[in-house]
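Visitor: So the protein lines, in turn, are chains A and B.
Just add 4 to the spot in the first sequence (first one is 1) and you have my numbering.
Just add 8 to the spot in the second sequence (first one is 1) and you have my numbering.
Treat the hints loosely; a few may be bogus.
Stated by the list, open to error - A partial selection of chain A residues facing chain B, derived with a Cβ cut-off under 7 Å:
1. TYR15
2. ASP17
3. GLY18
4. LEU21
5. THR42
6. ALA44
7. CYS57
8. ASP58
9. GLY59
The set of hints was computed from the structure by calculation and includes no laboratory data.
In this text the structure is predicted, and so the values were computed from the model without any measurement.
Glycine residues also receive a C-beta, built at the ideal position from the N, C-alpha and C atoms.
Given next are the chains, with one letter for each unit.
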Amino acid sequence: MPDEEVVIVPYQDGPYLIRGPVVLRDQDGGAITVSRRTVALCRCGKSRMRPFCDGTHHVVRFRAASSAESPPGHARASADDGSGPTEE
Amino acid sequence: MTSLQTPGTRRRIALPPVRGPWTEALYNLLAAPAPAPARADAGAGAAQPAVPLGDVEHLPYDDDLQMALYLCYELHYSAIDGVDERMEWSPLVLMFRAVLEEEFERAVRAVVPAPEPTPTSVGAELQRLVREDQGPPLSRRVETQANQEQVREHVIHRSAYQLKEADPHSWAIPRLTGAPKSALVEIQSDEYGGGRPARMHAALFAKTMRGLGLDPTYGAYLDLLPGITLATVNLMSMFGLHRRLRGALAGHLAIFEMTSSVPNRRYGNALRRLGYGPEVTDFYDEHVEADAVHESIAAWDLGDGLARIEPDLAPDVIFGAQALLALEAAWAQHLLDAWDSDHTSLMRPLF
Numbered sequence: 005m006p007d008e009e010v011v012i013v014p015y016q017d018g019p020y021l022i023r024g025p026v027v028l029r030d031q032d033g034g035a036i037t038v039s040r041r042t043v044a045l046c047r048c049g050k051s052r053m054r055p056f057c058d059g060t061h062h063v064v065r066f067r068a069a070s071s072a073e074s075p076p077g078h079a080r081a082s083a084d085d086g087s088g089p090t091e092e
Numbered sequence: 009m010t011s012l013q014t015p016g017t018r019r020r021i022a023l024p025p026v027r028g029p030w031t032e033a034l035y036n037l038l039a040a041p042a043p044a045p046a047r048a049d050a051g052a053g054a055a056q057p058a059v060p061l062g063d064v065e066h067l068p069y070d071d072d073l074q075m076a077l078y079l080c081y082e083l084h085y086s087a088i089d090g091v092d093e094r095m096e097w098s099p100l101v102l103m104f105r106a107v108l109e110e111e112f113e114r115a116v117r118a119v120v121p122a123p124e125p126t127p128t129s130v131g132a133e134l135q136r137l138v139r140e141d142q143g144p145p146l147s148r149r150v151e152t153q154a155n156q157e158q159v160r161e162h163v164i165h166r167s168a169y170q171l172k173e174a175d176p177h178s179w180a181i182p183r184l185t186g187a188p189k190s191a192l193v194e195i196q197s198d199e200y201g202g203g204r205p206a207r208m209h210a211a212l213f214a215k216t217m218r219g220l221g222l223d224p225t226y227g228a229y230l231d232l233l234p235g236i237t238l239a240t241v242n243l244m245s246m247f248g249l250h251r252r253l254r255g256a257l258a259g260h261l262a263i264f265e266m267t268s269s270v271p272n273r274r275y276g277n278a279l280r281r282l283g284y285g286p287e288v289t290d291f292y293d294e295h296v297e298a299d300a301v302h303e304s305i306a307a308w309d310l311g312d313g314l315a316r317i318e319p320d321l322a323p324d325v326i327f328g329a330q331a332l333l334a335l336e337a338a339w340a341q342h343l344l345d346a347w348d349s350d351h352t353s354l355m356r357p358l359f
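Using the sequences and the hints, build the whole thing.
Guide: Right under this line is the structure:
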């Protein structure tokens, strides 16, 4: 399916999940091997196998909404449910 | 040692020795000719031994009852030496199983916390349960202190599930629809190697067992497993085989995946500390990465998604999650208590 779209979903308090024909490269253009169809990328910053998620967000109690955040006073329109960033 | 190459092997187990009245009654049933369909009610009363069931809170630890229930479920997973394969659907065996299941479910419901009012977000509630879980620190203990024998014991306990990893949850696939079904299949596809038999998680576990000098034959160590270990697997088989409990199965899988990555990294570290290489740690290393993907899918697309489609199942999703945490905690405590007192955590020493 060459025209399959790539979808990235930030999960609440968890990683980014990427589905679709995506290529990961480091900043020098080197390939970062992707060995599964659905990939979880670290969103808490504390994974020990970045850029991939390794579940460490549980240990550091990472909190983040799934939808786009809009800082107070920021003009950005969103369908935010009001929960916003809840970092502990 | 039996080879377990990637083409797969025929599953067949042997009945372990009788442990007490429940296994004895089951074996008597299994030895009888398969009943004719129209005779379902004949002799059903004889299926139950006349023994008291004991304290409900003890039932998850009952070595005999849990083995009988485990073997009832094995009829659905495996051939059993000397047992007619039609026994899988013998009404008498199913009626016997139903007695055990009723007691087991009652016992599990007795040990989980009282249900909260139905949460507005099942996914967020699953995350809260994981955040606030105070389970025994088994994976830390194994990572930093376990010796060779304890690591092997740990693997033997887990073989009750890992050699058929993912199978209990697959029962739910035809019982779900839409996004939750798609989520479950996405996870299961990964569990079964994504089209690569050698990457099936059960095959990776067999490789770990071989590397540790253990027999990876399905069921090889069944007789060594105590009731609490069997109960952790019976829980998922019970949830999986009852459509009524599909919500609980979804919650079970969600928590299973959400509490997997970090402990599995520690178990891999334990094996590295003891000098084992990638062949042996592959199973654990794979789970760190795979379950980091699965946990979000299981919590949100499966658990939360199912509760959105069938809101009346929300309490069951949470129940399944709490049940897993409760039984896993009891199992982990059993291992720690045994090791603290220099005893084997198995029914008898491995050697």
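Visitor: Of the hints stated earlier, which fail here?
Guide: Result: no hint breaks.
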